[in-house]
Amino acid sequence: MASKVSLKVKGKAKAGKGPKSKEQSTCELVKEWTTWAMKKTKVITHYGFIPLVILIGMNSEPKPHLYQLLSPV
Amino acid sequence: MGSSVSLAAAPPPPVAPPPALPVGLAQVLPQKAEEKGDGKAAPEKVDWLDLPCPVPYEELQREALMSLKPELFEGLRFDFMKMLNQRFALSHSVYMGSMEVPSQSSDVIKVPSSHYEFGANFLDPKLMLIGRVLTDGRMNARVKCDLTDNLALKIHAQLTNEPHFSQGMFQFDYKGKDYRSQFQIGNNAFYGANYIQSVSPHLSLGGEIFWIGHQRKSGVGFAGRYNTDKMTVTGYFDQVATAQVASTGIVGLSYVQKVSEKVSLASDFMYNQMSRDVTSTFGYDYILRQCRLRGKIDTNGVVGALLEERLNMGVTLLLSAEIDHGKKDYKFGFGLTVGE
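In order, the protein sequences belong to chains A and B. Following numbering that gives the first Met the number 0, the numbering of the first sequence begins with 0 at its first residue and continues without gaps. Following numbering that gives the first Met the number 0, the numbering of the second sequence begins with 0 at its first residue and continues without gaps.
Extracted from the complex, chain B is given alone in its bound form:
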């Protein structure tokens, strides 16, 4: 974070008087300063002008989301990633399974589908390009470019052959000494901005606003994160206002505790103001030598788990299961990932 002029430039140290030699009785009696030093360690002083840079606003809940929202899937999944170079890789991915079609009734409608996805990644410290194309013509492109030390540009585009279904988003990120700010421009006249600031070595607070032109929607959100080595607490509050419909709001809270190096437990609470819906999720994340197991249980009656087991150098087996007791919807998937 070095290029900016440090606000904490120390004033020149005061000239200390030369230490007086102990005379007389002082030579015999022990020095008071030594006694204090042997006692309990002084508490760490907080340098309020030198706080660490906070986590980006969209990654505020990243520990909680890693445990509570694993990538569960249904069907067969095969991923192959081939590194041609340290920076350049090609990826091939096959998926065969059922996709859920959203329906008005409470029944779950599944349509069998399959696709092959080809992708190319170029990862450089300053420039990252990721492109993915599917057999049905959909294309996903991501660009991340570090324009300067502190300013980064991210572009994310999802293009389809059908007209009016494509989406694109530009994001400009500025990283300051102890704050981050971001400005977003998207299609459908989407404009957004967010800002997060470190308030203490462990606490950071932030807010965001966005405006969607075509649907006349605007929103405001506030979020906070308290982070130590062992646990993380985050909370957020969003309000969305629409022209016709009354405003909705979401309040959420999450807590992650790292019980040991290998185990962490997470819980999440969300309240939706419009539908007066409360959802609570509890999850665990076991990171062991050969495998990673993540599971969660929900107050909506959904239980899910994802197992990633390293069978061999570069070969990983995936097993995914999700049981929705409320809707009687069962999803089981298995897959293999070859390559890094």
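Okay, chain A solo, but in the shape it has when bound:
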């Protein structure tokens, strides 16, 4: 996915001005990658944060049993 992004940007830059094109493409590259990373982080946090908390909690001392997780008592 990263290579696709860089090819697209370089294509755009060639069509543009000469000396400025390299700077612009690095800037846009960084922006694209940051946005992509933020989107992935958002999805991972959305689905993974609560399982992470439960995992950390079940491994803390004294270790609770698995049935305590589901039973209402």
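If you are wondering where the hints come from, they were derived from the structure by calculation, not from laboratory data. Note that the coordinates shown come from a computational prediction; the quantities given were computed from them, not determined experimentally. Check each hint, because a few of them may be wrong.
[Claimed, not checked] DSSO-like, lysine-lysine: derived pairs with alpha carbons at most 30 Å apart: (1) B:K125 <-> A:K62; (2) A:K38 <-> B:K326; (3) A:K41 <-> B:K176.
[What the hints assert, rightly or not] Listed next, with one range per pair, are the computed distances between beta-carbon atoms: (4) A:P50 <-> B:Y190: 29 to 37 Å; (5) A:E27 <-> B:D123: 35 to 43 Å; (6) A:L54 <-> B:Y190: 48 to 56 Å; (7) A:Y66 <-> B:S102: 46 to 54 Å; (8) B:M82 <-> A:G47: 18 to 26 Å.
We put the beta carbon where it would ideally sit given N, CA and C, even for glycine.
Model the placement of chain B on the given structure of chain A, informed by the hints.
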């Protein structure tokens, strides 16, 4: 607060001359020093280099907000918190009631809604993780981590399934000997910083600035807090400047008096510069053995009260009422909280 080198390192005590033995008449007459000691107690000396650490900037008004902004709700609320461990807990929460939908006209539009919320808490002295997820997909996550003795990192995220509605905020807190500073980074290019300093054993002053990139808004605020055992006075002044609209400002003042161990009274005054709106609120907070009752009355004609009664070990009954005489909006709620 011990790791930093104390500025108040005392100079070596001067060598005192050996006390002279009283001779002659001095043996008979009473010593002057004794007389002074029996009189009124000397006033406490203030050590200006050893002031207490102030309250964090966002908690400046915490006593006032506890009395004047109780969590009033409408409908049925049931909370169950199950401790699996000293540090790990799961929480289940059911809510059935009406949510207010903001509308342009003066009518109040309520939409019945209900949700179930599942949550997991992990509380450690150094690390705190709180996660909550609702049935409609919204997720609320809070992380608080003590990186060192003085530096703490807080992350707060509210994520939804709809695009562009999620929010996240990073906060770095640094606690010094008698000051606290905080730096915030949020989404929508939000940057903020605040700083609060103890100026005397009872008085602390602080300020904050923030900048929102996407809306081209920036703001400056100043706040002060005077705190004794019996009362707290806080004041704040905020100015927000936007690119298109003229700048707005809010001035506020609050006063809380602890009348006794069980009762405290609070009052709050707020002036909004843009809408030329003045609001004043008066409230009380009764903390009794079996219950806690908080109530408030407003100059907008809003009267509200919240009762939390401990029925039994671990079972708490909640009753909430809010009457808005101006908009003719009545909200009554009841609930039960099981678990700590």
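Hints, one by one, checked against the model:
1. B:K125 <-> A:K62: holds, 19 Å
2. A:K38 <-> B:K326: violated, 42 Å
3. A:K41 <-> B:K176: Violated: A:K41 and B:K176 sit about 37 Å apart, past 30 Å.
4. A:P50 <-> B:Y190: 29 to 37 Å: Distance hint for A:P50, B:Y190 holds at roughly 32 Å.
5. A:E27 <-> B:D123: 35 to 43 Å: holds, 42 Å
6. A:L54 <-> B:Y190: 48 to 56 Å: Between A:L54 and B:Y190, where Cβ atoms are some 33 Å apart, the hint is violated.
7. A:Y66 <-> B:S102: 46 to 54 Å: Once the Cβ atoms are compared, 48 Å apart, the range 46 to 54 Å for B:S102 and A:Y66 holds.
8. B:M82 <-> A:G47: 18 to 26 Å: holds, 24 Å
Violated hints, listed in ascending order, are 2, 3 and 6; each of the other numbered hints is respected by the structure.
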